[in-house]
Amino acid sequence: MNSNYYISSFCSIKNNTISLNGSMVYSNENMEFLEFIKAAYKSLDTNYPKFFKMDGLSKLAILAAHVLFKNENINQDKDNDIAVVFSNKSSSIDTDRKHQKSIENKDDYYPSPAIFVYTLPNICIGEISIKYKLFSENSFFIFENFSAQHLLDYANSLLSAGKTEKVLCGWVELDGNQYEAYLYLVTKIGTILHSKENIIKFYNT
Amino acid sequence: METLKQELKENIIEQLNLEDIAIEDINDDDILFGDGLGLDSIDGLELIVMLDKNYGIKLTDPKKGRAIFESIKVMAKYISENRTK
Amino acid sequence: MKNGNKKLDSRMTEVYLSYNNIVSSLGFDSETVVSNIHNEISGLQLIDDKEMFFKSFCSSIINQKELNNSFTSIAVEGNFTRLEMMMITSLNRVIQDTKIPLTKNVGLIISTTKGNIDILDKNSKFLEERAYLGSLGKVIKDFFKFKNDAIVVSNACVSGVLAVTIAKRYITQGIYDNVFVVSGDIVTEFILSGFNSFQALSSEPCKPYSKNRTGINIGEVAASVLVTKNDTNLAKEAVAILGDGSCNDANHISGPSRTGEGLVRSVKLAQKEANISFDNIDYISAHGTGTPFNDEMEAIAINRLGLQNVPINSLKGYFGHTLGASGLLETIVGMHSLYNNTLYSSLGFEEIGVSQPINVITKTITKKLNIFLKTASGFGGSNMAVIFKKINMTSK
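So the sequence lines, in the order shown, correspond to chains D, H and P. For the first sequence, position 158 matches number 157 in numbering that gives the first Met the number 0, and the numbering has no gaps at all. For the second sequence, position 36 matches number 35 in numbering that gives the first Met the number 0, and the numbering has no gaps at all. For the third sequence, position 32 matches number 31 in numbering that gives the first Met the number 0, and the numbering has no gaps at all.
FYI, nobody ran anything at the bench for these hints, they're computed from the structure. Incorrect hints may appear among the rest.
[What the hints assert, rightly or not] Take a look, some chain D residues computed to stay more than 10 Å from chain P by CB distance:
1. P112
2. L119
3. N137
4. F142
5. E179
[Stated by the list, open to error] Here are the simulated BS3-like pairs of lysine-lysine, each with C-alpha atoms no more than 30 Å apart in a straight line:
6. K49/D / K63/H
7. K267/P / K362/P
8. K49/P / K100/D
9. K84/H / K362/P
[Claimed, not checked] Covered, in the sense of this in silico footprint (three residues per stretch, anywhere, with C-beta under 8 Å from a C-beta of chain D), are these stretches of chain H:
10. 46 to 60
11. 66 to 79
Please read all numbers here as calculations on a predicted model, not as lab measurements. The beta-carbon is built from N, C-alpha and C at its ideal position, and this holds for glycine as well.
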């Protein structure tokens, strides 16, 4: 099923490289994920100190959103009617393990609220919503693998029901040192058709 | 007391991930929450855990925490009077 | 197909919530649970189990023996986690009631915040991969032999009610005719220790909207419902989804907005789609966790919307906060509330303790009911509002 909606831009973060619409904007090899994402934050002129307080998944998501929204000239000072539909395989398991570790030893039992709050995958959507004033619908789905069909159907349903003007969709996955982010913005006007083929093509770019 | 204040500044920066802030940036009388250092409610809860873990002080009322965490000076005074470790 | 036409189509497709089940400390089917609520019986009790948590806590916990008994009539226990047993027991009843064959037009949605999180405990007998939410989806799918993969939604405490609107979207898009939704979360040390670090756990039964409220209780349930476009063979307590809205606060990742902004916007969106006046809302099934900030936020939002005189309750006094299942659990109780023309008491409520007036239901009473509003809010700044209308006008 094709729609009359469009993909206006896409961003991916994988293999220590950040790309926007298929072109590299930052790369730094031979670094572990947390080191890499911090170096990228500093290099990309993000200027958002809250970044340092976030867990790995939120850091990954907010940096990808930063690159994409900068390109889209999204104004952070006014409301933006953009819904967010994210998905991944591992939910918040990376941070779940940290919280679990803090409660394993009864003699050293100091669970941290700043870690616990990130033991939900949708917190990264909350972080993006705060930064870009998105008072809009958000959903976080879990799939064993990237599901272009699901994201396509769901973004179409939000747009056709008049729930939102644009939809930020994607896959944000973090599990130990394995990570991958792929975000794209679906709009009502544009040139690149919002289709399963294009979603997959850009995912594999 | 000076050592304790210094230690608190170090711990706050580390525990609360205040990456952009150096020890010299925090004055003993600076307001920590709101417009001061910009700490929020989760930071407040994290400081309660820090009091427990480092100094053996158990706070159960977050509102009480806000008064104790007003500034480094107030915190240091409270800790030195109430610490059990 | 043009967008305009599609919009028209989606307005023409009515979507219903039909057969349903609740597996909880108050019973293993909706009727029993609702009858206990009618009699103001709470599932909450003080639990002192040092294996589970270092201090005593107040919770509603499903009896393991009863769960095992119920489960062995369906399958052999042993290969399933506690949460899977709860979810399978609940969903099995709904599938049996509906008699719908699980063809490729039938979807499965699972909502949970933490799934099998107890597997991360080093003493768990299950492999860590079972802790992944996708594994949970696969277990449920394979057990009932659904043709389609499970869609797992994990969106904090709005997950349960969000799952219902996701089902509706799949149906209006023409992808499925019927969708089974199952929600569940369990009480674990993981969750208790986390909310305790937030200073949010109350050591006594929670008191939503009361002056002396001191926080939440964590509880556990599994709840299931059939979402369908087929208006024949509906359950007697079936409701139609009139409208839904979900808006983020864009304010803070854990604290609710002081102005109730996201909730206000959510209710307005739902009302716009439902195309009804606020005067038509007979009852509000609210979130009411019993924390100082959540309850205050809801009271502010309700007053901004002019809904302060509509009877409102929180069901947390019966089950505690059941996380990713709470929204669906409370929606199901709301369905029965409409069918029974009964407003259920907001258990635990004492003296009003929010700054704006709201009309808390203090005693179970009968009243002609037609439409109710379900709201929920959660970490990540999420808010959700859905408006439901009774189908069976000849109810008791």
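Comparing the hints with the structure gives:
Not every CB of chain P lies more than 10 Å from the CB of P112/D, the least distance being 4 Å, so the non-interface label is violated. For L119/D, the shortest C-beta to C-beta distance to chain P comes to about 5 Å, within the 10 Å cut-off, and the non-interface label is violated. At roughly 6 Å, the least C-beta separation between N137/D and chain P is not larger than 10 Å, which violates its mark as non-interface. Chain P draws F142/D into its interface by the beta-carbon criterion, the shortest separation being 6 Å against a cut-off of 10 Å.
Chain P leaves E179/D outside its interface by the beta-carbon criterion, the shortest separation being 15 Å against a cut-off of 10 Å. Proximity of K49/D to K63/H is assessed by CA-CA distance (about 25 Å); at most 30 Å being required, the pair is judged to hold. Note on K267/P and K362/P: the hinted pairing holds, with a Cα-Cα distance of about 29 Å set against a maximum of 30 Å. Annotation: proposed proximity of K49/P to K100/D holds, straight-line Cα distance about 18 Å (limit 30 Å).
At roughly 51 Å between alpha-carbon atoms, K84/H and K362/P are farther apart than 30 Å, so this suggested pair is violated. Under a criterion of three residues with beta carbons nearer than 8 Å to beta carbons of chain D, the stated coverage of the segment 46 to 60 of chain H is upheld, 3 such residues being counted. Remark: the segment 66 to 79 of chain H is not confirmed as covered by chain D, as 0 of its residues place a Cβ nearer than 8 Å to a Cβ of that chain, below the required three.
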